[in-house]
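Q: So you can see what is in the structure, the chains are spelled out below.
There are 2 protein chains.
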Amino acid sequence: MATAPVLPTDLTRDAALALDAADPLGAFIDEFQLPRGVVYLNGNSLGPSPKAAIARVTEAAAEEWSTGLVTSWNRAGWFQLPYRLGDRIAGLIGAEAGEVVMTDSTSLNLFRIVAAALAMRPDRRVIVMEGSNFPTDNYVIQGLIETLGRGHVIRFAEKNEIASAIGPDVAAVVLTQVHYKSSHILDMAAITAQAHAVGALAVWDLCHSAGAIPVDLNGCNVDFAVGCTYKYLNGGPGSPAFQFAAKRHHEAMTQPLTGWWGHGAPFAFERDYAPASGIGRMLTGTQPILSMVAAEAGLDIAERAGVGAAREKSRALGKLFQDLVEARLGDAGFTLGGPAQTDDRGGHIALEHVNGYPIMKALISRGVIGDFRAPTTMRFGFSPLYLRYADIWDAVDILVATMETGLWRDPAFAAVEAVT
Amino acid sequence: MATAPVLPTDLTRDAALALDAADPLGAFIDEFQLPRGVVYLNGNSLGPSPKAAIARVTEAAAEEWSTGLVTSWNRAGWFQLPYRLGDRIAGLIGAEAGEVVMTDSTSLNLFRIVAAALAMRPDRRVIVMEGSNFPTDNYVIQGLIETLGRGHVIRFAEKNEIASAIGPDVAAVVLTQVHYKSSHILDMAAITAQAHAVGALAVWDLCHSAGAIPVDLNGCNVDFAVGCTYKYLNGGPGSPAFQFAAKRHHEAMTQPLTGWWGHGAPFAFERDYAPASGIGRMLTGTQPILSMVAAEAGLDIAERAGVGAAREKSRALGKLFQDLVEARLGDAGFTLGGPAQTDDRGGHIALEHVNGYPIMKALISRGVIGDFRAPTTMRFGFSPLYLRYADIWDAVDILVATMETGLWRDPAFAAVEAVT
Numbered sequence: 001m002a003t004a005p006v007l008p009t010d011l012t013r014d015a016a017l018a019l020d021a022a023d024p025l026g027a028f029i030d031e032f033q034l035p036r037g038v039v040y041l042n043g044n045s046l047g048p049s050p051k052a053a054i055a056r057v058t059e060a061a062a063e064e065w066s067t068g069l070v071t072s073w074n075r076a077g078w079f080q081l082p083y084r085l086g087d088r089i090a091g092l093i094g095a096e097a098g099e100v101v102m103t104d105s106t107s108l109n110l111f112r113i114v115a116a117a118l119a120m121r122p123d124r125r126v127i128v129m130e131g132s133n134f135p136t137d138n139y140v141i142q143g144l145i146e147t148l149g150r151g152h153v154i155r156f157a158e159k160n161e162i163a164s165a166i167g168p169d170v171a172a173v174v175l176t177q178v179h180y181k182s183s184h185i186l187d188m189a190a191i192t193a194q195a196h197a198v199g200a201l202a203v204w205d206l207c208h209s210a211g212a213i214p215v216d217l218n219g220c221n222v223d224f225a226v227g228c229t230y231k232y233l234n235g236g237p238g239s240p241a242f243q244f245a246a247k248r249h250h251e252a253m254t255q256p257l258t259g260w261w262g263h264g265a266p267f268a269f270e271r272d273y274a275p276a277s278g279i280g281r282m283l284t285g286t287q288p289i290l291s292m293v294a295a296e297a298g299l300d301i302a303e304r305a306g307v308g309a310a311r312e313k314s315r316a317l318g319k320l321f322q323d324l325v326e327a328r329l330g331d332a333g334f335t336l337g338g339p340a341q342t343d344d345r346g347g348h349i350a351l352e353h354v355n356g357y358p359i360m361k362a363l364i365s366r367g368v369i370g371d372f373r374a375p376t377t378m379r380f381g382f383s384p385l386y387l388r389y390a391d392i393w394d395a396v397d398i399l400v401a402t403m404e405t406g407l408w409r410d411p412a413f414a415a416v417e418a419v420t
Numbered sequence: 001m002a003t004a005p006v007l008p009t010d011l012t013r014d015a016a017l018a019l020d021a022a023d024p025l026g027a028f029i030d031e032f033q034l035p036r037g038v039v040y041l042n043g044n045s046l047g048p049s050p051k052a053a054i055a056r057v058t059e060a061a062a063e064e065w066s067t068g069l070v071t072s073w074n075r076a077g078w079f080q081l082p083y084r085l086g087d088r089i090a091g092l093i094g095a096e097a098g099e100v101v102m103t104d105s106t107s108l109n110l111f112r113i114v115a116a117a118l119a120m121r122p123d124r125r126v127i128v129m130e131g132s133n134f135p136t137d138n139y140v141i142q143g144l145i146e147t148l149g150r151g152h153v154i155r156f157a158e159k160n161e162i163a164s165a166i167g168p169d170v171a172a173v174v175l176t177q178v179h180y181k182s183s184h185i186l187d188m189a190a191i192t193a194q195a196h197a198v199g200a201l202a203v204w205d206l207c208h209s210a211g212a213i214p215v216d217l218n219g220c221n222v223d224f225a226v227g228c229t230y231k232y233l234n235g236g237p238g239s240p241a242f243q244f245a246a247k248r249h250h251e252a253m254t255q256p257l258t259g260w261w262g263h264g265a266p267f268a269f270e271r272d273y274a275p276a277s278g279i280g281r282m283l284t285g286t287q288p289i290l291s292m293v294a295a296e297a298g299l300d301i302a303e304r305a306g307v308g309a310a311r312e313k314s315r316a317l318g319k320l321f322q323d324l325v326e327a328r329l330g331d332a333g334f335t336l337g338g339p340a341q342t343d344d345r346g347g348h349i350a351l352e353h354v355n356g357y358p359i360m361k362a363l364i365s366r367g368v369i370g371d372f373r374a375p376t377t378m379r380f381g382f383s384p385l386y387l388r389y390a391d392i393w394d395a396v397d398i399l400v401a402t403m404e405t406g407l408w409r410d411p412a413f414a415a416v417e418a419v420t
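One line per chain: the protein sequences are L and Z, in this order.
Using this note's numbering, the first residue of the first sequence is number 1, and each one after it goes up by one.
Using this note's numbering, the first residue of the second sequence is number 1, and each one after it goes up by one.
Bound-form chain L, shown alone (with noise of 0.2 Å):
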């Protein structure tokens, strides 16, 4: 590691720079607030803040919540915020108009969801997730099957087992398409089918999807998603997430989280709960207004830039950051913890180390932003909204000199505490 590497032509910052010159998603970069100084490789975890975001938070609480008071909920549109938005986010996923609402969490989300999707096939037991994934979905499910009290059980499966792992006695399929770790893409438009093929139903986590790859959840005959907003699709730290549920499931669909937003007359006051139709039964209670306002202007963003554009820059900013690794770090340890075709993977990568913890906390010092998952895993997220392919190779080049100097060696970066 001594001597600089010769790089092949296209792996110099000149090359790099030329890409940026001609990139048709670059003037996207000034709609972000970005501090100075850093490469944010981490909109895979917390998107950075679009400056219009700033803006509509400050204008609704500001103008909205301080002059329009209670009537807001009305004149601002605030009640109907999880429809609307819901409606903007259906447009990015494959979804019609009224089949998304934003709301809650993706946990909240995927415990109304999946419970759904179980009540709907009330003779099987079986729940196939991968064990890997998030384990947020795991301990979703887990409580769930746990209060039903009715025998369920979660048949855990990794990537190649999935196919095998999905028989006759399945209810719902419930897996990431993106996993949050290794990034690799399972097939949703195939297990999909073999889910349907034995008669069972299709649950979509698309936290690391939305924003990040085309995602065609009509096109692959998808029952029910569920995805966060705060990753690709820059909403703002905890913005409210979203819930997909399919046309064709509406009148029969039911869940546990029944509360005043969900029911058909919510003015009414009546006693009893009747729900709504159509996806606005999947709705329980108030949302949080200032957040959701917020996660507007990034779906505005995502719109303009298009998932199909945004996902070709992301495939060559990962791209460019794995050749440069392998060109200029070949023999420092690294090895790549998901697949290695940009085909095969979502918005990020996972680089191994078995120093990766005081690696990532060297770069982080340095400016460059990734994050970490416990044992080796450095993770490294390629949003292609607000980075430049001359950001990836400073990136690398932050992280051959941390190499090199020994800086991860500092012990000021052993010390563990978490890494969000």
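Please note that a few of the clues may not be correct.
Stated by the list, open to error - Sample of chain Z residues with no beta-carbon within 12 Å of chain L, all distances over it, derived: (1) 64; (2) 149; (3) 263; (4) 316; (5) 373; (6) 407.
Claimed, not checked - Covered stretches of chain Z, going by a simulated chain L footprint (3 or more residues, C-beta under 8 Å): (7) 32-39; (8) 43-50; (9) 106-112; (10) 130-138; (11) 158-166; (12) 225-238; (13) 284-292.
As the list claims (entries may be wrong) - Short derived list, chain L residues pointing at chain Z, Cβ under 8 Å: (14) 35; (15) 135; (16) 139; (17) 237; (18) 290; (19) 373.
Simulated from the structure, these hints should not be mistaken for lab results.
The beta-carbon is built from N, C-alpha and C at its ideal position, and this holds for glycine as well.
Add chain Z to chain L, keeping to what the hints say.
A: Same frame as chain L, now just chain Z:
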């Protein structure tokens, strides 16, 4: 109504101004961003914005999110907000630190809390509720018992029937302390003792209590409670709600909505759920941070004002309104829709009038903002932190004018639309 009534001396506007001049809470109005020309009597629905809330949410978006990015989960304390703000709420409702978390909506919190209570009384099947309560509480419990599928039933009882409804078959008594419509206060201490006497658990909804009247959960030996922060605590539209569980229940407590924020080691990413110790196990998923940080300003004001002083002023404001309506509108068809004594009611007053809907619309058009609940209830809230005695006088004066001029008969006020 054609001639002005002769008012008792203490019901003049000058008397109201004198009360304002001597009001120890009078300065708090300067901490709120209120529109000019409005008397806001709907803080029992949505409290107005503290100036500090606007500044805080803008700071969180423009600094913590934009500059701190993902590191703000730790460095800005986002991940700890449910606990830290929960502890502040605890101080306002007679709970200890570590007994309250701020999270999600009241409806979702009630689902978790009542599920936890029912699991502690596995041999009992009856839940006592007030059927006229704000109905989301009913809806939530209806959904919960249908999901459990174990034969639970709700025994609906109105105020005076509650004591006799609490028998040895009761698992939990689930009541709202201050009625959303009539404003009547249920006796928390007595009813909790009645529940305990038969071995039942007591669950209280504090939506119309928190910040409005002194609440002493531990003094009353309450088991569980929920409540919202966007009414008298001025947390902002849909600001997250809270859950209380008495410490004695923490170890045995289980709940259905198990997610990663309630896990004992959320960043260990373990496959299987294991609950956090303490109140943290009542959390589920990621919280809407912008809405949450905005709510702290209102908690801060409530702490500094003191619930006792706030309650005394609220009672005085309500009594002034009541006396003025009686003196000046005694023959205009208004009747009280709730308790006549301030001891027996919360922070708002229900006025019944057969033409309540157009009268309220006319009032709103003149800057007096209350709300309406079908068929005949006009609600007027007396939040003490930003209302002056003179505001109450002016509001009634406008109500008098509305009735005398027949303004409310204007067809513009007849069209029915939802008044939230």
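Q: Are the hints correct? Go through all of them and say.
A: Each hint tested on the structure:
Distance check for residue 64 (chain Z) against chain L: the nearest CB is about 8 Å away, which does not clear 12 Å, and the non-interface claim fails. A beta-carbon of chain L comes within 12 Å of the beta-carbon of residue 149 (chain Z); the shortest separation is about 7 Å. The Cβ of residue 263 (chain Z) does not lie farther than 12 Å from every Cβ of chain L; its closest approach is about 6 Å, which violates its non-interface assignment. A cut-off of 12 Å between C-beta atoms confirms that residue 316 (chain Z) is not in contact with chain L; the least separation is 23 Å.
At roughly 7 Å from the closest C-beta of chain L, the C-beta of residue 373 (chain Z) falls inside 12 Å, breaking its exclusion from the interface. The claim that residue 407 (chain Z) is not at the interface with chain L holds, since no C-beta of that chain comes within 12 Å of its own (minimum 19 Å). Only when three residues or more bring their CB closer than 8 Å to a CB of chain L does the claim for the segment 32-39 of chain Z stand; here the count is 4, and the claim holds. Look at the segment 43-50 of chain Z against chain L: 4 of its residues bring a Cβ nearer than 8 Å to a Cβ of that chain, three or more, so the hint holds.
Check result for the segment 106-112 of chain Z against chain L: holds, 4 residues qualifying (beta carbon to beta carbon below 8 Å, three or more required). Counting residues of the segment 130-138 of chain Z whose beta-carbon sits less than 8 Å from any beta-carbon of chain L gives 6, enough to reach three: the coverage restraint holds. Residue count for the segment 158-166 of chain Z with a Cβ under 8 Å from a Cβ of chain L: 0. That is fewer than the three needed, and the coverage hint is violated. For the segment 225-238 of chain Z, the stated coverage by chain L is satisfied: 5 residues place a CB nearer than 8 Å to a CB of that chain, which reaches the threshold of 3.
Residues of the segment 284-292 of chain Z with a Cβ under 8 Å from some Cβ of chain L number 9, which satisfies the need for three, so the listed coverage holds. Below 8 Å, beta-carbon pairs count as interface contacts, and residue 35 (chain L) has one with chain Z at about 5 Å; its hint therefore holds. The criterion of a C-beta within 8 Å of any C-beta in chain Z is met by residue 135 (chain L), whose closest approach is roughly 5 Å, and the hint holds. Hint status for residue 139 (chain L): holds, given a least beta-carbon distance of 4 Å to chain Z, under 8 Å.
At about 4 Å, the closest approach between the beta carbon of residue 237 (chain L) and any beta carbon in chain Z falls short of 8 Å, and the interface hint on this residue holds. A hinted interface residue such as residue 290 (chain L) counts as satisfied when its beta carbon comes closer than 8 Å to some beta carbon of chain Z; here the least separation is about 5 Å, so the hint holds. For residue 373 (chain L), the shortest C-beta to C-beta distance to chain Z is roughly 7 Å, which falls under 8 Å, so the interface hint holds.
Checked against the numbered hints listed earlier, the structure breaks hints 1, 2, 3, 5 and 11; every other hint is satisfied.
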